[in-house]
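Asker: Chains X and W are the protein sequences, given in the same order. The opening position of the first sequence corresponds to residue 16 in my numbering, with each subsequent residue numbered one higher. The opening position of the second sequence corresponds to residue -2 in my numbering, with each subsequent residue numbered one higher.
In short, the hints are calculated from the structure, not lab data. As the structure is a computational prediction, the values presented were derived from the model and not from experiment. Among these hints, one or two may not hold up.
[Said to hold, decoys possible] Here are the computed lysine to any residue pairs in the SDA-like style, where the Cα-Cα straight-line distance is at most 25 Å: (1) W:Lys14 to X:Pro155; (2) W:Lys106 to X:Pro155; (3) X:Lys212 to W:Ala112; (4) W:Lys80 to X:Glu75; (5) X:Lys157 to W:Ala112; (6) X:Lys194 to W:Asn66; (7) X:Lys157 to W:Glu5; (8) W:Lys18 to X:Pro155; (9) X:Lys212 to X:Asp114; (10) X:Lys162 to W:Ala11.
[Claimed, not checked] According to the in silico footprint, chain W covers these stretches of chain X (three or more CB under 8 Å from chain W): (11) 143 to 157; (12) 175 to 187; (13) 198 to 207.
Even for Gly, the Cβ is constructed at its ideal location relative to N, Cα and C.
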Amino acid sequence: MAGTALNFDATKITNNYGWFWVGLATPGAGSRITLFTDGTPDATANPSAKHLGHTTDGWEMTAKKTTEDQNLDEVVVPIDTVITALDVGLAANLAQTQDVTGVLQHLISGFGTYSTAAGYEQITLGITTITYLGVALIFPTKADATKFMIYNLYKAVNDSGLANQIKRKGLGNNPVAFKGYGITSRAAVDQCGNFWKQI
Amino acid sequence: MKDLNDPEVNSEFARSKALAKEKGTAPGIDPETGERAAVTYRQLYNETGDESTAAEIFNEVARAGGYGNVGLDQALDVRSLKKSSEAHRQSAKSGVDFNTGRELDKFGKRHHEQAAQHQDNLVNAVGEALERLKKG
C-alpha cells in the first residue's frame, strides 16, 4: 500500500515582479498572444504594445464570479446555483505618474483625450468614446526564468480613472484597475481573456 | 541613461521595434521575413486608401480567425494562429501534450492532430480574407 503524494512545491511560489502591457493584439481562436523568448510581446504581432512601467506594490489579478442560488420550498439548502456575472481585472498603483505619453494616456479612455505638439503633451478632459485595449501581465516562473505566466485580457479598460497623488513623502502613484469585457462573438469559454503558463 | 529593467529599452521587443524602424517596415509586417504577423485597421487603410474597404477586410479577418467582433482600434495577432497550429502538431508528433507536459495516448494525439487541422483552417481563412488586399 502506498500513500498519496503531498503537493508542497516551493518552486511554484511567486516571488518576482511582472511586466504589464497595454495595446496588445487579440489572439485568434484557440491561440495565445505571441511572445518572444524573453517574455516580451512579439513586436511585429503586437505593433501597438506599450509597457506601463513601475508600480509601488506590484500587480493583482482578480477573477470573481457572482452566483445566484436556487432554492426549493421543501429543501432548506440551495439545490443548485447559476453564474450571473464574472468580474475580471488587473490592478496596481502605477508609479510613473509624470509620463503622460507612455502611461497616463492609456488610463483615460472615455473621459480624456491625449495630444501633443512642439513643447507640450496634454490630456484634455471631457466625455469621449470608450476605446478598449488588449492588456497582459507577464512574469517569469520561479522554477525557470525563461518560462512565463501570462494573464491576458482581450478587451479591457481602466475602470478607476485618474487619482494621481502628488506628494513629497512616500511615492506619488496612480491606482489603476483594468476591467475585462467580453468579445461576444468569440467562443463562449474564451470571450474575456486567458491565463496561461509556458512549460 | 538606459534602464536595463525597462522592456521597452532592453528586450527582444525593443530590438525588434528598432529593426522595424531601421528598415522602415510597416506595423504588423515582420522586418526580417516580410510575413504579416498582425492586422490593424490603420495599416489596412494605409494599403487600401479606403476606410470602408479597410474596415471590411479587418472585420472579415476577425471573423475568419475567430477573433470575435474586435474593435477597429485593436490589432489582430495573426501569428498566434500559426503558432497554435505548430504547437498542436508538435504535440501530436512528439506524443507529449504542450499544455501539461504529459505523455499522450492515441486519443490525445488524435485530439492534437484535429486541433492542428482546425487551426490550419483558421490560418487559411485569414489568408483568404487578406487576399482582397492583393486584388485591390
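Asker: Next step is simple, just say for each hint if it's right about the structure.
Answerer: Results for each hint:
no. : hint                 : result
1   : W:Lys14 to X:Pro155  : holds (22 Å)
2   : W:Lys106 to X:Pro155 : violated (29 Å)
3   : X:Lys212 to W:Ala112 : holds (19 Å)
4   : W:Lys80 to X:Glu75   : violated (28 Å)
5   : X:Lys157 to W:Ala112 : violated (30 Å)
6   : X:Lys194 to W:Asn66  : holds (18 Å)
7   : X:Lys157 to W:Glu5   : holds (23 Å)
8   : W:Lys18 to X:Pro155  : violated (28 Å)
9   : X:Lys212 to X:Asp114 : violated (31 Å)
10  : X:Lys162 to W:Ala11  : holds (19 Å)
11  : 143 to 157           : holds (count 4)
12  : 175 to 187           : violated (count 0)
13  : 198 to 207           : holds (count 6)
In this structure, the hints that do not hold are numbers 2, 4, 5, 8, 9 and 12, in rising order.
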